[in-house]
Every structure is written in structure tokens, then in C-alpha cells.
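Enquirer: Protein chains in written order, with the numbering used here: chain A, 37 to 366; chain B, 37 to 366.
Be aware that one or more of the hints could be misleading.
Because identical chains cannot be distinguished in the list, a pair is counted as satisfied if it fits within a single copy or across any two copies.
Listed below are the simulated DMTMM-like cross-link pairs for lysine to aspartate or glutamate, each with C-alpha atoms no more than 20 Å apart in a straight line [to be verified]:
| hint | residue 1 | residue 2 |
| --- | --- | --- |
| 1 | 360 | 264 |
| 2 | 216 | 327 |
| 3 | 213 | 327 |
| 4 | 140 | 359 |
In case anyone wonders, no lab produced these hints; they're calculated from the structure.
Read off the chains here:
There are 2 protein chains.
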Amino acid sequence: MTGQNGTLILAVDIGGTKMMTAVLSAEGQLLVKDVCPTLADEGVLSVIERLFMSIDGLLNQNNTEVSQLGGIGIACAGGIDSGRGIVVTPSPNLPDWHDVPLAKIVRDRYRVDTFLVNDASAAALGEYQFGVGRGASNLVLITLGTGIGGGIIANGELYLGACGSAAEIGHMTVDAKGPKCGCGNTGCLEVLASGPAITRDAIGRIGQGEKSSLVELVGGEVDSITTETIGTAARNGDPLALDVLTRAASYLGVGLVNVVNIFNPEMIVLGGGMVELGDLIIEPARKMMAERAFAISAQAVRIVTAQLGNEAGVYGAAVFALEKNIRRPE
Amino acid sequence: MTGQNGTLILAVDIGGTKMMTAVLSAEGQLLVKDVCPTLADEGVLSVIERLFMSIDGLLNQNNTEVSQLGGIGIACAGGIDSGRGIVVTPSPNLPDWHDVPLAKIVRDRYRVDTFLVNDASAAALGEYQFGVGRGASNLVLITLGTGIGGGIIANGELYLGACGSAAEIGHMTVDAKGPKCGCGNTGCLEVLASGPAITRDAIGRIGQGEKSSLVELVGGEVDSITTETIGTAARNGDPLALDVLTRAASYLGVGLVNVVNIFNPEMIVLGGGMVELGDLIIEPARKMMAERAFAISAQAVRIVTAQLGNEAGVYGAAVFALEKNIRRPE
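Please put together the full structure from these sequences, using the hints given.
Expert: Shown next as C-alpha cells:
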């Protein structure tokens with residue numbers, strides 16, 4: 037991370053369930069952080085109020101004046117227009133974030149240059165600069181959870197595309213005849229292999245009368261089945277749980293084939309809650325990739341697990357703000 | 037194109053049916069060129085012999101000494117390992133090009149630094165520097181013909197990935213339950229929407245007894261049906277021809293959605309013979325992209341036709357060689 041010594045960066049990562057605020061040094065040291073619930077269902081303004089409280093508390097705690105901040109970086113889920121600093125389309129967990137000019141709102145409050153980036157792109161940048169991706173100039177990060185997001189490092193730089201909404205790996209069609217996705221497209225990777233896709237599949241099949249030890253595992257509360265319970269049932273040999281995960285893994289495998297054939301990356305970094313299902317999902321998907329992708333590219337790629345955990349977003353947001361502020365023409 | 041004044045670049049583009057050799061100035065002016073048939077079925081060595089004859093004749097004709105050459109750039113179809121200068125896997129039209137160390141072979145003969153790049157990547161670089169893509173820092177070129185190839189400009193630079201085999205846009209799975217592709221993968225865009233996919237579909241359906249004016253159009257020689265004849269029949273209202281093209285267009289549309297969601301490019305440049313089927317294939321595919329891709333990205337992209345025609349490859353190969361020679365660490 038380059039920048040003037042002594043400059044501090046405020047970094048924010050707004051996810052569907054939690055948001056993290058942090059102060060980092062220009063050298064990339066995380067000095068202090070705060071985590072609080074997003075409570076997205078209370079509405080956008082309420083989330084932003086809570087964000088301001090978290091930031092104010094954090095600056096106080098670290099004895100940091102706003103004047104010491106060299107920039108604010110915000111990572112946020114959803115369809116982001118980085119150039120204009122707007123959350124344009126909502127993500128599954130921030131459902132009413134339509135056209136929210138988040139960078140301007142934060143800039144107006146603190147009077148510090150503020151930059152907005154998609155959370156998965158931020159995580160890719162964080163892992164590239166400070167995590168498992170150090171040295172991998174061509175890297176694709178895929179977050180596997182409620183949604184499936186992506187971040188791209190190309191030729192050693194974050195790739196955001198024309199407006200900052202690139203890397204929607206979860207919204208590439210992998211099955212042209214597949215189900216409708218919430219994004220308006222058809223057969224997206226996300227609607228076939230995300231956490232909700234997996235639980236929906238299991239709950240649906242149980243609803244249609246298929247037997248599974250899952251029912252007992254959740255005490256009859258079928259709607260409370262999660263990817264974790266499905267993982268547990270699968271490890272205990274439950275055929276339905278195994279089948280549901282095999283299906284999702286095959287779509288994830290197709291997704292990996294596509295990423296490898298399109299990007300020929302040195303590294304694919306997998307993050308998000310579903311990484312816990314490693315042997316049940318990641319391993320078969322990796323095997324499919326090795327069998328189907330172009331040999332040159334399949335042999336060149338390492339598929340690894342993210343290293344910075346839930347701090348990847350704030351690390352990446354900080355790097356993003358620093359680089360943007362340095363590169364600005366003015 | 038940057039480089040020393042006076043330096044000349046020899047550029048080569050080896051396609052399945054023709055190869056082009058050209059001498060360009062470091063400023064990107066094409067000074068002289070030669071086109072000859074590839075005759076790929078005579079074998080790799082024979083093609084390379086013919087390439088040497090074409091190069092020798094061209095240098096002679098232009099009174100160019102080998103010592104005046106600042107580099108040789110070769111664009112070639114197939115799975116290319118740019119770092120090692122090897123054609124690793126063959127393309128449909130160069131079927132026996134397995135592990136051909138093409139850069140070394142040419143370098144050994146002329147004793148000039150030689151650089152190898154995939155032909156579609158070269159075309160993307162050519163269009164970006166000298167064609168329709170000037171100024172579009174985030175650009176994806178897609179060639180639609182016997183194969184479906186791709187080239188990527190990311191953040192204003194050619195993106196080749198870890199070994200130079202990135203941008204295999206034609207080999208992303210768009211239909212996980214689709215047919216096997218020659219590359220070993222399943223449901224690739226190429227096996228569903230390339231020229232051969234379209235003619236195979238039409239010929240197969242006629243073989244199964246479906247009626248079509250195509251049979252008359254080719255004088256009963258059903259195996260001689262081409263995308264051009266299918267285009268003609270479709271424009272005359274033939275239902276089978278229209279249906280076959282609609283199907284291919286829907287897959288191409290899915291491909292465009294994926295490219296737009298993954299790259300958020302300013303521009304998609306379409307090249308290759310199938311561009312002639314514009315209103316029948318490109319237009320419906322573009323419409324599907326506009327309806328299904330993320331709105332931010334769909335609104336940001338312009339879909340245009342390549343401008344440099346069959347010279348895009350030599351322009352791009354020349355730029356590639358110049359940039360490689362300038363950037364080399366030694």
C-alpha cells in the first residue's frame with residue numbers, strides 16, 4: 037500500500053448482516069475496528085445512521101481527527117457504480133438499496149474524499165495486497181454465500197470495468213434453460229449454487245415427500261434448514277443432502293471452468309461461508325474444472341481459500357481509497 | 037504504438053485457411069503485406085515452410101534486411117502459451133498443431149526476438165490501438181466464425197492471464213446440460229452458436245425429415261449448406277433457417293450477457309464471418325443482453341463491428357511484439 041506516511045484511511049465494509057468500520061495506516065496496518073449489525077430491514081437511512089455512529093465511535097476510540105484521514109473507502113454489497121459512488125442495484129441481503137449515493141452521503145458528512153467499491157472487488161484487492169493473493173497478478177476471487185460475488189485482479193490491478201460493476205461472476209448464465217434469477221437473468225450461477233439455492237433445493241424436495249434425515253436434524257422445522265445442516269447430514273451419509281450438494285457442486289464446477297477458460301488466472305480465491313463445505317462442494321467442483329477446462333489454464337491455476345476472513349473488505353476498501361486518491365488527475 | 041523511429045516489425049497472422057505476413061513501421065503503418073493459403077491439412081511443417089517463403093518474399097519486396105527488424109509478432113489460432121511461445125492445443129482449423137514451439141522456430145530462423153499471441157487477442161489489441169476500439173480501455177472482442185474466440189483489453193492493456201491462454205470466450209459453458217464440445221468441455225458457446233454449430237443443426241434437422249427451402253438452395257447437396265445459405269433462406273422466410281438462427285442467437289445472447297456481467301466493458305467488438313448475419317443473429321442477441329444483463333453494465337456497453345477486417349491480427353501482433361520487446365527486463 038503506497039501513500040504518505042502518517043496518513044490514515046477510514047475503511048467501511050457494509051454487508052447484509054454486519055458492517056465493519058476500521059482505521060488503517062497508509063502502510064496497511066489495521067489499527068482499530070468496530071463491527072455492528074447492519075439490520076438492513078430497518079431501511080437504508082437507519083443503516084447509514086448506524087454507520088455514522090460506528091465511525092464516530094471508532095475515530096473517538098482511536099483519537100483520530102477527521103483531518104488526519106487521507107480518504108474513506110467503502111466496500112458495499114450490490115451493483116455498484118464506482119465512478120459515481122452509487123449503490124445502483126441491491127444485493128439479496130440489502131434488498132432496498134436502489135440508487136443510494138453512498139459515497140456522497142459519507143463525503144458530505146465527513147468532508148473527506150470517499151470512494152465506493154463492490155465488496156467482492158474490495159475483498160479481491162485486500163487478498164491481493166495483504167492476503168493469500170500476494171504476488172498473483174491475475175487473480176479471481178469468488179465469494180460463496182447468500183450471494184455469489186466476484187473480484188478480479190488483472191495484470192496486477194483491480195479490474196472494475198467501465199463503471200465499477202464488473203466481476204459479477206455469480207450472474208453468468210451457466211444453464212441457459214435454468215431457473216430465473218433475482219437479477220432478471222436466467223440460469224445464473226447464483227441461482228443454482230449459492231447457499232439459498234442449496235437450501236431451497238433441499239426444502240423443496242422434502243416438501244415433495246422425499247425422505248431425509250435433515251427433517252429430524254432440524255427438529256421438524258424444515259424451513260430452518262441451512263447449508264450447515266445440509267453439510268452435517270451429507271457427512272452422515274444422507275442421500276438427499278449429498279445429492280443436493282453434488283448438484284450445486286456441479287454448477288460451481290462449471291463456474292470454475294468458465295473463470296479458468298476466460299481468465300487463465302494464477303489463482304482463484306474462494307471466500308464466504310460456503311467454503312466450510314470444502315470437501316463436499318469445493319473439491320468436486322475443482323475436480324470438474326481440472327477435467328474440463330483448457331489444459332494450459334487448468335494446470336496454471338491454484339484454487340485457494342481466502343485468508344483475511346471478514347476483514348478482507350476493509351483492507352481492500354482502504355487500498356482502493358488510497359489508490360484512487362493518488363491517481364486522481366487533479 | 038511506441039518504439040524507436042525507423043524500427044520495423046514483422047507481423048504474422050496464421051489462420052485456418054489463410055496466413056498473412058506484413059511489415060509495419062513502429063508507428064503502426066502497414067507498409068507491405070502478403071496473403072497465402074495456410075493449407076493446414078498438409079501438416080505443420082509444410083505450413084511453416086510456406087510461412088518462411090512468404091516472409092522471405094515480403095522482406096525482399098520491401099527491401100528490408102532482417103537486421104532492420106525490431107521484433108517479430110505472430111498471431112495464431114489455438115490455445116497459445118504466450119510466455120513460452122508455444123501453440124499448445126489446436127484450433128478447429130489447425131487440427132494437428134499440438135505443442136508447436138512456433139516462436140522458437142521463427143526466432144531460430146531469423147535471429148530476431150519473436151513473440152506469439154492468440155489470434156483473437158491480437159485482433160483485440162489491433163482494434164484497440166488502430167481500429168474501432170480506440171479509447172475503449174475495457175473492451176472484449178469476440179470472433180464469430182468456425183470457432184468463437186475472444187480477446188480482452190482490461191484497464192487499457194491486453195489481458196492474457198497467467199500463460200497467455202485467457203479470453204476463451206467461446207469455451208465458457210452456457211448450457212450445463214448442452215452437447216460435448218471438441219475442447220473437452222460441455223455446452224460451450226462455440227458448440228452452440230458457431231458457424232459449424234448452426235450448419236450442423238440445420239443439416240441434422242433436414243436429415244430427420246424436416247422440410248426447408250435450403251435443400252433446393254444448395255441443389256440437393258445438403259452437406260454443402262453454409263451459414264451464408266442459411267442466412268439467405270432465413271431472409272426469404274424459410275422457417276427452419278429462421279429457427280436455427282434464432283436458437284444460435286439466443287445462445288450468443290447468453291454469451292453477451294455473461295461478457296457484460298463479468299467485464300462491464302465499454303465496448304464489445306464483434307468480428308469474424310458470422311457478423312454478416314447481423315440482423316438475424318447479432319441483433320436478437322444484443323436485445324437479449326439489454327434485457328437480461330445488469331442494467332448499469334448493459335447501458336454502458338456499445339456493441340460494434342470490427343473495423344480492421346482480416347488485418348486486425350497483423351496489427352495486433354505487431355503491437356504485441358513491440359510492447360514485449362520494450363517491456364523486457366533485460
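Enquirer: Which earlier hints can't be squared with this structure?
Expert: 1
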